[in-house]
Structures are given as structure tokens and as C-alpha cells.
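Chemist: Protein sequence lines correspond, in order, to chains V and C. Using the working numbering, read the first sequence as starting at 1 and increasing by one per residue. Using the working numbering, read the second sequence as starting at 1001 and increasing by one per residue.
What the hints contain is simulated information worked out from the structure, not anything from laboratory work. Careful: at least some of the hints might be erroneous.
Pairwise CB distance ranges (calculated) [unchecked claim]: (1) V:Glu71 / C:Pro1287: 29 to 35 Å; (2) C:Ala1274 / V:Pro5: 30 to 36 Å; (3) V:Arg76 / C:Glu1308: 50 to 56 Å.
The calculated lysine to any residue pairs, modelled on SDA-like cross-linking and capped at a C-alpha distance of 25 Å, are [said to hold, decoys possible]: (4) C:Lys1349 / V:Ile31; (5) C:Lys1213 / V:Asp4; (6) C:Lys1381 / V:Gly25; (7) C:Lys1381 / V:Leu23; (8) C:Lys1381 / V:Ala8; (9) C:Lys1107 / V:Glu98.
Built from N, CA and C at the ideal position, the CB exists for glycine as well.
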Amino acid sequence: MSSDPYSARVRALFAAPAHAGCLDGALRTQIEDQGVRLRLSAELAGSDIRALRFQAWGCPHVIAAAEAFCESYEGRPVSALLEFSASDLMQSLSVPVEKTGRILIIEDAVRSLGSVLRDASKPDD
Amino acid sequence: MTEQAELVYLDYAASTPVDPQVAEAMTALMTVTGNYANPSSTHAAGRRSVELITQAADQLAALINTEADRVIWTSGATESDNLAILGGAHYRQDRGRHLITMRTEHKAVTDPFSELERQGFEVTWLDPESNGVLDIAKLDAAMRDDTQLVSIMHVNNETGVVQDIRKIGAACRENDVLFHVDAAQSVGKLPIDLESCCVDLMSMTAHKVYGPKGIGALYIANRPGVHVDPLLYGGGQQRRLRPGTLPAQQIIAFGMAAEVARSRMNDDLEHLTAMRDRFWSGISDLPGVSLNGDIANGFPGILNVSVEDIEGESLLLALEPICVATGSACNSKSQEPSYVLRALGLSDKLAQSAIRFSFGRPTRVEEVDLAIELYRGAIGKLRQIAPERAT
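Please construct the entire structure, taking both the sequences and the accompanying hints into account.
Modeler: Quick look at the structure:
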């Protein structure tokens, strides 16, 4: 059993979070809870997500999970955000169960961003 | 290059490497050509082990200026603390059941006191001043007719704050109260003169002073009323206070480590002061950085630093390959903020961002400079990643 609390993937994502930052003029959402502060911003191309960025104040698992989310959701349809579940991230990053609450903050933020993007991409009545 | 070789170790308050000459001597003792005999045996080989253990006691006693027969060997500072606190309180419980300690003590002290509370003893937990130092007036005010034991550590393991054990000891002696000192962080590092201090019981350990793990000692003063009830029974060794076969090779190594420490204490202190001051001057200009404790009343081997609005766990990972501690090593797996720093008045968040850098005999200037570079870089990176607070 490894005594390292971080998987190799978490270490890599934390060391080089390529999607850290904020997109100017983009749609965004921010959540603060459980000692975590997370802001997501996105640019749209039609009904798809062209670019994603995150800013986070939290433990390495939170930062790595936010980066992993941004990495894997660029280019996908906005509707995918509304169905986002943190359980896949928990599993792929081997997040310890005691940090479930913090990772669920990401789920809340992603779904919130999905709602913002969906509303923004609706044609005006 | 191995992963081990790339690490930069700045966690000497948690443990130190064994001094090379100590390790060599210890290893030689354990083999067939060494002195591996049971010191309880009466044959010639056993007697030789006794001679070497006696020599080790002399070496340790010389370090703290006392008589060798005042030293009881234990498995380490935790056992010494337990023996002193539980044993001392039990021995004197017919005279009274009130005890005094500080909230900033190591768990090896606070947990035995909590156990004594469960057993019906009354414990006064003193708060330090904001710099970590005990105001002696608070101790005086807490003393009662039924007070039997005071336990205050010499050097705090998290902040490096040094308590004035001479003044505290005098206050205890005036009230005929046993005074126990957890000196795990100070023995062999700061001068201790037990002949001129009113210390009755003092816990020590080898592995913080370039000796091996698994060996410690408890000093018990030779004066009326100073005694402890044993925690262990069987064998009768060490005046029945701590029975069990003496681990000769570890004791002898502790003795050697004590002698090395005594011979180079001034050089060590000068080196540690230079390393600490270099590190602090390299980071203290960063916005939001603050020192926990007090440099003026601090042991130079330990520097505890907090920084505003930085998440501690991420800071620790960003500092790799620097090996440092977020709290005391014994509880650093906990996500809870340090109770020691909370007792100094730090908020949960500021306490959670605290990192203890501890320097040692082998610490090099290049390592300190790398730590400065990584610390500054980590703070910059984490601040850049963090969003502003929502208004």
C-alpha cells in the first residue's frame, strides 16, 4: 500500500495546471464552500464549449480535479456539463473518500456553469 | 539518482540522521565481535555491557550536568513523558490531585494529562502568550495547595519557542511541586544545567540529537518527594522503575551522540542560527508571511511560518522535494489545524497554512537557498491560481 496521498495523475495535474486562469469576457461561475474556492470560466462555440479555465483555492486534489475537468470537457456540448458527476474524477484521480465533500464542490460548480452556458446559448425569444 | 538523493530534508525537529561515528560504533556492538551480551547477565560479557552502559550514562549526564545514576533509560521521549506524568501524579496522589501543564505541549504530554483527568485528577491547562511564551504569573496564579506536578516543555516542537525552565522550576520548588520538562527538542542542542535548575523530571530522546530511534531517557532528581510509580513490571532492572532488558547498543549510541552534541554545541548553534536567519531573510518580505512564535525566544533550529490566504496542503506539495512539516510529525496526517498554533491565537486558516522548517547539523546553504526559491515560487503559483473572494 502506498503511503503517498497523491496519485501520479494528481501530482502531474497539480504541477502543471495548463487550464489555470480566467478567460476574459467569458461566462463564469464561482462557488465557495467546504474551505474550497472555485471559479470556472468558459467560452462557447455554438452549443459546444470552446475553452475552459479554472481558478481554485484548495487542496491538491481540488486543483488537480479542476484541471482534469477542464482538460476533458473542452470541445464537448454544454449539455454534458449538466450531467457532470464528480464520481468519475474521484475514481480516476484516486481521491480519498474523506475529500468527497470538496470534490462535490466541483460538481456543483460545473453544473452551475452548465446552467449559465445553457441560458446564454438559448436564442432570444 | 535515487528519489532519496533528490530530497532536501528540512525536518530535523521530527528526526535527525544518526551521526556517522555513532552509527559505526553501534553497528559494531551488535555483531559477534561486539558487545551484544545481556547486561543483566553476570558473566564477563554481560559485565562488559554494563560497563559500556555506565559510560553512556556518564556521557548523557555530562551533557545535562547531573549524576549518571539519575538517568533511567526508556524507549524514547513519549515513554519518558508518560512515566514522568502518570508515574509522578500517581506517586504523589495522596498529597493532592491537581496538575498544571500548557495547551501547547506535545501530544506525548497532553494525552497522559487527559488520561489523568479521566482518572479523576484535575488539570489546569495554561495558555501561552501570543508569542508562545508562558507568563510565569499565570503559573503562579494556577498553583494551589493540592498541586503536585507541573509539566512544561523546554523547546516547543512546532514553533521552537523556548520556555524559561529556570524560572518555572524556581516557582515549582517554592510551592513544593514536581517540575517535569519535556526536553526532547533541546537536549544536546541548548545548554542545560540540571545542577542549577529546579527540574525534577526531564524527558529526553536520542533520535532528535543524531542518535538512533527507540532509545530515550528520563532524568529523576535526587531529592525527597521526587519519585515516579513504574508503568511496567517485570525483571527489576533500573531500580524497578523501568524494567526490561536494556538495549545496550542503543544506549551506548545515545551516550556517544550526547558526547558529540556536547563537544560541538556552540558550533551547531552558530550554524543553525545562520541557516534560520538566511531562510527568514529570504522569505520575510513576502506579503502576508508571518512567523509563529518568537525569534528572540526561539531555538534557531526551528522556524514556523504562516502565510495569508494560502492552502497549507497545496503549499506542502508545491514545496517538494523539500521535506518539511505542517504540524508536529506525529499528527501531520491530520487535516485539523495545529492545536499549538490555535493556542497562539492563529485563525484556522492561518494555522492551516503553517509550515515548520527545521534545520540541522547537515543543512547546507544551497538547501536553504533552494527552500527560499521554492517557497517563494509556491506562494506565487498558488496565489495566481486562486480566485478572488466573491463579494
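Chemist: All hints, please: hold or fail.
Modeler: Outcome of the hint check:
Judged by the Cβ atoms, the range 29 to 35 Å given for Glu71 (chain V) and Pro1287 (chain C) holds: they are separated by roughly 31 Å. Checked against the hint of 30 to 36 Å, the pair Ala1274 (chain C) and Pro5 (chain V) passes, with Cβ atoms roughly 34 Å apart. For Arg76 (chain V) paired with Glu1308 (chain C), a C-beta distance near 37 Å fails the hint of 50 to 56 Å. Note on Lys1349 (chain C) and Ile31 (chain V): the hinted pairing holds, with a Cα-Cα distance of about 18 Å set against a maximum of 25 Å.
With a C-alpha separation of about 23 Å, the suggested pair Lys1213 (chain C) and Asp4 (chain V) falls inside the 25 Å cut-off, and the hint holds. For the proposed pair Lys1381 (chain C) and Gly25 (chain V), the alpha carbon gap of about 23 Å is at most 25 Å, so the pair holds. Restraint check for Lys1381 (chain C) and Leu23 (chain V): the C-alpha separation of about 18 Å stays at or below 25 Å, so the hint holds. The straight-line distance between the Cα atoms of Lys1381 (chain C) and Ala8 (chain V) is roughly 20 Å, inside the 25 Å bound, and the hint therefore holds.
Restraint check for Lys1107 (chain C) and Glu98 (chain V): satisfied, since their Cα atoms lie roughly 24 Å apart, inside the 25 Å limit.
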